[in-house]
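Enquirer: For the record, the sequence lines run as chains A and B. Under the numbering used here, the first residue of the first sequence carries the number 1, and numbering increases by one thereafter. Under the numbering used here, the first residue of the second sequence carries the number 178, and numbering increases by one thereafter.
Honestly, the hints are just simulated from the structure, not real lab data. None of the values given here were measured: they were computed from a predicted structure. Any given hint could turn out to be false.
[What the hints assert, rightly or not] FRET-style restraints, in silico, Cβ to Cβ:
#1 B:R559 to A:Q74: 25 to 35 angstroms
#2 A:L171 to B:K614: 22 to 32 angstroms
#3 A:R82 to B:R478: 30 to 40 angstroms
#4 B:R552 to A:L171: 49 to 59 angstroms
#5 A:F72 to B:R497: 33 to 43 angstroms
#6 B:R615 to A:T99: 47 to 57 angstroms
#7 B:D438 to A:G97: 17 to 27 angstroms
#8 B:R479 to A:S136: 21 to 31 angstroms
The beta carbon of each residue, even a glycine, is placed where N, CA and C say it ideally should be.
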Amino acid sequence: MRVSSIAAVAAAVFLIAGCQTPPERSGTAAGTGATAQGAGVTSRGGADGVDRLSGPLSEQLAQVGDRVFFAFDQYALTPEARRTVEGQAGLLSRHGGVTVRIEGHADERGTREYNLALGDRRAHAVKDYLVALGISPTRISTTSYGAERPAVLGSNEQAWAQNRRAVTIVLSERVGS
Amino acid sequence: MTRTERSAFLQPWGRPGALVAMLLALLAVASMAGRPAMAELSIDITRGVVEPLPIAIVDFAGAQNNEREYGRDVARVIAANLRRSGLFAPVEPQAFIQREIALDTPPRFADWRVINAEALVHGRVQLLSDGRLQAEFRLWDVFAERQMAGFSYVTDPRNWRRVAHIIADSIYQRITGEDGYFDTRIVYVAESGPRDNRVKRLAIMDQDGENHRFLTDGSELVLTPRFSPSLQEITYLAFRGGRPQVFIYNIDTGRQESIGDFDGLSFAPRFSPDGTQLIMSLSRAGNSDIYAMDVRTRQLRRLTTGASIETSPSFAPDGRQIVFNSDRGGSQQLYVMDADGGNVRRISFGEGRYATPVWSPRGDLIAFTRLHQGRFFIGVMRPDGSGERLLVDGFRVEGPTWAPNGRVLIYFEEEPSRAGGAGRSRLMSIDLTGSNKREVPTPTDASDPAWSPLIP
Numbered sequence: 001m002r003v004s005s006i007a008a009v010a011a012a013v014f015l016i017a018g019c020q021t022p023p024e025r026s027g028t029a030a031g032t033g034a035t036a037q038g039a040g041v042t043s044r045g046g047a048d049g050v051d052r053l054s055g056p057l058s059e060q061l062a063q064v065g066d067r068v069f070f071a072f073d074q075y076a077l078t079p080e081a082r083r084t085v086e087g088q089a090g091l092l093s094r095h096g097g098v099t100v101r102i103e104g105h106a107d108e109r110g111t112r113e114y115n116l117a118l119g120d121r122r123a124h125a126v127k128d129y130l131v132a133l134g135i136s137p138t139r140i141s142t143t144s145y146g147a148e149r150p151a152v153l154g155s156n157e158q159a160w161a162q163n164r165r166a167v168t169i170v171l172s173e174r175v176g177s
Numbered sequence: 178m179t180r181t182e183r184s185a186f187l188q189p190w191g192r193p194g195a196l197v198a199m200l201l202a203l204l205a206v207a208s209m210a211g212r213p214a215m216a217e218l219s220i221d222i223t224r225g226v227v228e229p230l231p232i233a234i235v236d237f238a239g240a241q242n243n244e245r246e247y248g249r250d251v252a253r254v255i256a257a258n259l260r261r262s263g264l265f266a267p268v269e270p271q272a273f274i275q276r277e278i279a280l281d282t283p284p285r286f287a288d289w290r291v292i293n294a295e296a297l298v299h300g301r302v303q304l305l306s307d308g309r310l311q312a313e314f315r316l317w318d319v320f321a322e323r324q325m326a327g328f329s330y331v332t333d334p335r336n337w338r339r340v341a342h343i344i345a346d347s348i349y350q351r352i353t354g355e356d357g358y359f360d361t362r363i364v365y366v367a368e369s370g371p372r373d374n375r376v377k378r379l380a381i382m383d384q385d386g387e388n389h390r391f392l393t394d395g396s397e398l399v400l401t402p403r404f405s406p407s408l409q410e411i412t413y414l415a416f417r418g419g420r421p422q423v424f425i426y427n428i429d430t431g432r433q434e435s436i437g438d439f440d441g442l443s444f445a446p447r448f449s450p451d452g453t454q455l456i457m458s459l460s461r462a463g464n465s466d467i468y469a470m471d472v473r474t475r476q477l478r479r480l481t482t483g484a485s486i487e488t489s490p491s492f493a494p495d496g497r498q499i500v501f502n503s504d505r506g507g508s509q510q511l512y513v514m515d516a517d518g519g520n521v522r523r524i525s526f527g528e529g530r531y532a533t534p535v536w537s538p539r540g541d542l543i544a545f546t547r548l549h550q551g552r553f554f555i556g557v558m559r560p561d562g563s564g565e566r567l568l569v570d571g572f573r574v575e576g577p578t579w580a581p582n583g584r585v586l587i588y589f590e591e592e593p594s595r596a597g598g599a600g601r602s603r604l605m606s607i608d609l610t611g612s613n614k615r616e617v618p619t620p621t622d623a624s625d626p627a628w629s630p631l632i633p
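If we strip away everything but chain A, and leave its shape as in the complex, we get:
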């Protein structure tokens, strides 16, 4: 019994830690097809039939942070998430021809249909803040994958914290515009 209660406390602490400080992601975004191939723009067709671009701007986006993380069953932006979105807004305002799509995701601890709605809310939380920061809504589309496309495999809080996310993806870029 002692062992299990210690484990429960440890798990609870870990869970709180996971909620308050979502793991940092910077550099190359795993799972989005972004690569560090220099200036070349490459495209990759996904199972969803959408070509995702990876090029200079995607790399810059990855540097300012292409994704934000959410607490369990929440869609409010944390202060840290707001800073990330502010970085995205700065980049987008310097490159007026760029359009992006924000993909909202949920962890696996919800039912399928509710997770789709929750991912949608998360994507819109990012979009709304970008718009508030002066980015035209016509440059931003959104979608939700619910829990269908986890970034990290595993049924534990560490994985779940990285899967409760909204990822900003460059759809088209006119470099230098």
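Please build the complex by placing chain B on the supplied structure of chain A, with the hints as guidance.
Expert: What follows is chain B alone, placed relative to chain A:
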């Protein structure tokens, strides 16, 4: 007398197959003595734990070899259906004393009593001169020496499985007093590949897993298929252009049709009981609400408003009410509203979150998924929220769907995933009583099952 009383008597000795003939004879006599002379052979399936009824199913007779082959296969499918129901215990054919029964000759009842078969099924298969197959059967109450049912069916020989299912349905109906559910199909999502890039395909099969067919090729991610009442169509969600959208799949033509290009996402579709409407969630500007669409005119009616998430709608069988889930009260709970969106009331009040409500085809219950303290549960409650019962729990169990008689549920169960490997995902069935939990076998991993009505 009830079966349970007699079974309690049987219990200390275990299965009749293990007993010597003398003891069997004693038991048979006791069993007869326990039942009033005129009582119908019956199973009360509303009881919690039912001792399965011993039933003998003899290979159907046939004059020609191929007729006998059909006869053996038909008997096998009937026995498998009845066994899976958990309500019947088909007697092993090796125990039979009388090996063959001609259709119009009464069986030798003493031979069946001695092996404690309380019900007996036999029949005949004939291939008619026009190429069609005729299957006839008789159901007997062995101890009363009375015929309980006898029917004849004629069909294309390729439909022999359906004939077996229909016969199993009439046996089930005659003995339990409830409609059967064997002549039905299941549509579901077949899964393969790693969890972070899972390939999902629509697949359809008979309720016993036979006649399995993939409907989509896996190039698009698909979720939550549900039958139209005619079984001609399936509504489901596919990610097209990177966005979840509701589609209708026509089973005969294989055609996949979008129901409309909306601003936001469309998801969680279900047909109305009369098939004229689809209810689903549409999201606009990040807010999901429930809409009803006229299938023919594509006209939309908005049924909920407000900033909360409203999703997973399901019609009552009379079409007058809709159950759905909403987090308007702070957490996900179940609500019922009139079909026009009025008169909304909350029906779930337990701890945790409630989701995926589905109204029973009988109208008496609503099945749901409940999430509490990191576990998932499948449960049922009455439409007014009373009488909640949890039937099964797991790391993840979700998405119950009802057999057309409202007595059995199928849901999916997923194991935890680990780095480097996806946990298994499979379909399970369970009785409304919480007993008889079984896997519904599928060729690959499986999720999102939907049980069809009886095939028209």
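Enquirer: Could you run down the list of hints and mark each one as holding or not?
Expert: Consistency of the hints with the structure:
1. Between R559 (chain B) and Q74 (chain A) the beta carbons are some 32 angstroms apart, a value that agrees with the proposed interval 25 to 35 angstroms.
2. Range check, L171 (chain A) to K614 (chain B): about 47 angstroms between beta-carbon atoms, so the 22 to 32 angstroms window is missed.
3. Taken as a hint, the range 30 to 40 angstroms holds for the pair R82 (chain A) and R478 (chain B), whose Cβ atoms sit roughly 38 angstroms apart.
4. In this structure, R552 (chain B) and L171 (chain A) break the distance hint of 49 to 59 angstroms, their C-beta atoms being roughly 40 angstroms apart.
5. The hinted window of 33 to 43 angstroms between F72 (chain A) and R497 (chain B) holds, with their beta carbons roughly 37 angstroms apart.
6. For R615 (chain B) and T99 (chain A), the hinted distance range of 47 to 57 angstroms is satisfied, since their beta carbons lie about 50 angstroms from each other.
7. Look at D438 (chain B) against G97 (chain A): about 25 angstroms separates their beta carbons, and that is inside 17 to 27 angstroms.
8. Checked against the given bound of 21 to 31 angstroms, the beta carbons of R479 (chain B) and S136 (chain A), roughly 28 angstroms apart, stay inside it.
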